[in-house]
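Q: Heads up: the sequence lines are chains A and B, in that order. No gaps in the numbering here: position 58 of the first sequence is 40 in this note's numbering, and each next residue is one more. No gaps in the numbering here: position 320 of the second sequence is 348 in this note's numbering, and each next residue is one more.
Honestly, I wouldn't trust all of these hints.
Rough simulated footprint, nothing fancy, chain A against chain B, three-plus residues with beta-carbon under 8 Å [said to hold, decoys possible]:
#1 132 to 142
#2 314 to 325
From the derived model, a few chain A residues whose C-beta atoms are all more than 12 Å from chain B [stated by the list, open to error]:
#3 Glu36
#4 Ala57
#5 Leu63
#6 Ile71
#7 Glu116
Hints in this document: simulated from the structure, not taken from any laboratory. All values reported here derive from a predicted model rather than from experimental measurement. Using N, Cα and C, we set each Cβ at its ideal position, and we do this for glycine too.
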Amino acid sequence: MLEIKNLKASINNKDILKGLNLKIQSGEVHAIMGPNGSGKSTLANVLSGKNGYEVTGELNYKGENIKDIPIEERAQKGIFLAFQYPLEIPGVNTNNFLKTSLNSVRKAKGEKEIDTISFLKLVKEKASELGIDEKILSRQLNVGFSGGEKKKNEILQMKILNPYLAILDETDSGLDIDALKTIANGVNSSRDKEKSFLIITHYQRLLDYIKPDHVHVLSDGKIIKSGKHDLAKQLEKTGYKKIQ
Amino acid sequence: MNFEIKSEEINKFKEISQEEKDFRIKNLKYFNNIGLPSKKLEDWKFTDLREIISNNFKKLDTFQKNEKFSNFKILKDFEHNYIILLNGSLNSFDFSFEDSSKIKIENYTEKNLKYEDNKNSLVNLNHALFTNGYSLEVESNYKFNKVVIIYNFFSENVENQIINKKNKILVKKNSELHLIDYTINKSKFVCNNYEEITLEENSILKNISLQKDRSDGYFHKFSKNKLNKGSKYNQLLFSSGLKFNKLDLEADLLGEDTECNIQAALYLNQNQHQEIKTRINHLAPNSKSYQKIKNVLNSNAKGIYQGKIYVKDIAQKTDAYQLSKALLLNDDTEFNSKPELEIYADDVKCSHGSTSGNVEEDSLYYLMTRGLSRKESLRLLINGFLNDIVDVIKSNTIKDFISSNLEKQIYEYK
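Excised from the complex, chain B in its bound form (with noise of 0.2 Å):
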């Protein structure tokens, strides 16, 4: 399948400003000269998702119709605020726990329309063709109360569409925020997701990433991360059902003190394919960034991870890590890592590692040896293997949920 917009495409959206038809115009047009990416460029050179598009992919329509629901059922597990979004726009939500007049939720409109080259022709693509997203801003000096669970709901409508969507996020001064990511899914359909996430000094922002099921989703997301002096960011990415999923995670550490955490626990089953690939950029003296990226694969599953780090010469103090753990359970299983530090300050703490194996079997004999079954041992192994990263969540209600939607999972190894 040959992937090309016509910019009449464009002409589909009625009231935008010439401004923002001729800024969707130029991304198009940019997008079109690259088309999808595929493994000739470098940041893609593991994902090829231009053949992978075209081999799972008879046709792929651009999203533009949305519907309304309203019978919609929430979690029980533990208290929480939420959105809730179909297919990518804003449906409702609820701040019940918090003061509202510290929130402000809309839905994205455009303002920056000025054209900025990015090596990801997927941007240019969401830049020309979104339709719906949400914009979140915290004011100043407010620590939530509750968590804010983002329903991410997307229904049998979405079949065979790409829909490009957009999200903001704006955590004002001292402020602190936490969110959870719910993706709910049962289309097989590409999710180009774009992510603008700006902490003001000193605010917090914690976000867990999370799929309800397995499904055939295809998702893409760039998300750009701006942390101001002192503010905190801290992402947690949990095992991914979809079929395809790539985060290309940039964080621009702008002030000191600052600190940007990523960590992950992946199984990926089932011809599964994910990758992370990340870009801190240690901008000023006295930040931190620590990545623990975990996958375990299994049955033709592909799990990647690229990250670099980028220590200006001015960020004296910088405190880097970056860690990948790998537990293959088959032969056809791949996991590639490619980790990079570019560094011109000479004062620095930079390290990273990368491992990959095999289950060990003398642990597993061990385990066998107390009545165990090989499954059931295997199951002990991968879950002890990734539980690490679901000890980093404080809530225990949470911790729960998480460790059970990550067990539900891993339950599924046959």
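Next up, chain A with everything else stripped away, as it sits in the complex (with noise of 0.2 Å):
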């Protein structure tokens, strides 16, 4: 599915990411930790696309250098990432947006365009799915969301637009323990042979809920160790310094 080879990326003439390795097969879930300033969140965006990073190195997604493809397209290729942070877009309906951006990842595949009734069905059923309250879906976009709303709002859209890479950066940070429960069911009732996941976290509590293949330890821009599922609670027991 994805397979980096000694990625670097810096911004600001700031190395962040200093050779970088990393393979994810499908169907797999891998399990990114490290300290503060690791660059964990570089790699998601990094990943995604983001303009403003100096990056060399290889990103191969189902056998294709994306380095260069722009934002849009690796979304529309199947690449979707979680946000940290993700933002309040106002006036913004969160239906009409969601439907937008389905359809531009249908047209991208060849797909037909989804009517309106049949999408309102596809959120309803997800929504429920996921124990989301759909009047949320009918407000503007995370505008006034709490922390929780707006987390689960981005696994539901991770639902809707069905991706083959999901990438979740620090989704489970700050979120009381049923919220972490949803986000946790969303992600392991997408699990399937054809789809893979690399989840960025601090702790590994989210890992007793989402079972990780494979768990890497990232530290200053580079991957220092990687193991079993069994490392993340390791880490929790002895912390980043030890390892580093």
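Work from the hints to combine the two standalone chains into their complex.
A: Below, the structure written as structure tokens:
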């Protein structure tokens, strides 16, 4: 699904990622853990194509180097980023936005645009699966949403856009246990052999609910250790210092 | 181009009284002394009309002749009454949804011929040369069933001319009228409009202004509004497709418990220049005014908002609010805002604010990660920025009509 080779990224002449290698197979869930400032969010941004970074190396996604492909085309090819801090977009209705978004993804895939009735049915179904109150969808995108609602809305968007590769950037931060379960449920119910997840997190708490196949430790722009699920447990006990 | 009107122009008005003739001559004299307003005048410091006219017109004749037409298509989007104006003149009207005995509509005739000093020389020009217009009166205790659209149609015959037109609206006690002022123009010309609105006790007037398409019209309107006890005035201004548009609006809140709301959602593109200048005079206690002006500016467009709130000493418990927000899409756009408060009462609530800025890159990034192109994302953000003004409209069919008109203009965004 995704193979990152010797990825380096800098912003304003500051090196952040310093030669990162990572391979994610279809159907796998990978977790990236690491201390503040290790480059976790930069990795998420570089994968989704955010402007402003100087990037070298290879980002092979489904057999294609996507390094120079614009943000929206990556999204249309099935890469989804759940934001750490989802933005508030005043005046834009959440449902309308989601429909436009879904249709641009479908169009890129050569599929027919979805009509309003089928779309609303889909949204209703996905929202109820996640236990999300549909009412938030008729509100302005993320405006006045609580922290938990914003994160749930990210996962709902993920469910609706149905990506091949979903990157969750600290989606668990600031969530109570119920919201955390909703998020985990959203991921777990989407897991299948065609989809992969990259979960970026500070704490192993989320990984109690989403069991990753692989856990990596990111430090100073590089992956310094990889292992199975028990690596997360170990980190929780010892902290990052020991490993660094 | 030097724009001066010779006094012989007045002689072209054949059937007017000596008194009216004197009134016109006096105003013309005043206008010729000052000329078209330039930025030397404080009220025009951001809009040098003299320069704008001389840069864009080789000649400008005064409009005299009018035509009649009958083949006019009205909107099918929602049921409405209508008034059709052709080049400013009353052409026809239809109030089939209403009790016609409650409505009086006729050609405008000037009754008040007392010369008044005015800071705006275009008002003098209008008094001197006005050729046409309408007067609309609503009897007491009558609430309109349907909205009235005023189709303001300008034909190709007005090219390179200046039209001076007037309109007067009187809503009598306890009555309610909703208007949509809909301009349809294809010509390059100047329209100098003078408007007088009087709201009697407890009456309500809601007015929406918009243009059908983008055009080379240069419009100026002076609007004088008088609000008596308990009356409410709502003015919504939408995307001006005009090359130049200045609204100079004055509202006298004469009685207690009056309310004046002015809101605008403007998308200005390609060298368009638009100014909204307001002066709200709170002259009695317990009155409210609310102004929210939103501008989106693209490719060399210029937007201006000058809003003054005056509170007289007796106007205690005044609640006045004004806010302007501008979204600048390019570096070559300009937005000027000049808020002014002049308050002589001590128990009042007055606030104002003004912000302008660029589109947030992070918001664009967020939308683009959902598969939308940069252009689509920008359109969504622009639409979202202006949307809360559209949401003020209660009727869904009218709201849809206004939103699609606004979207059409935003979708021209390149």
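Q: All hints, please: hold or fail.
A: Each hint tested on the structure:
no. : hint       : verdict
1   : 132 to 142 : violated (count 0)
2   : 314 to 325 : violated (count 0)
3   : Glu36      : 17 Å, holds
4   : Ala57      : 4 Å, violated
5   : Leu63      : 5 Å, violated
6   : Ile71      : 6 Å, violated
7   : Glu116     : 19 Å, holds
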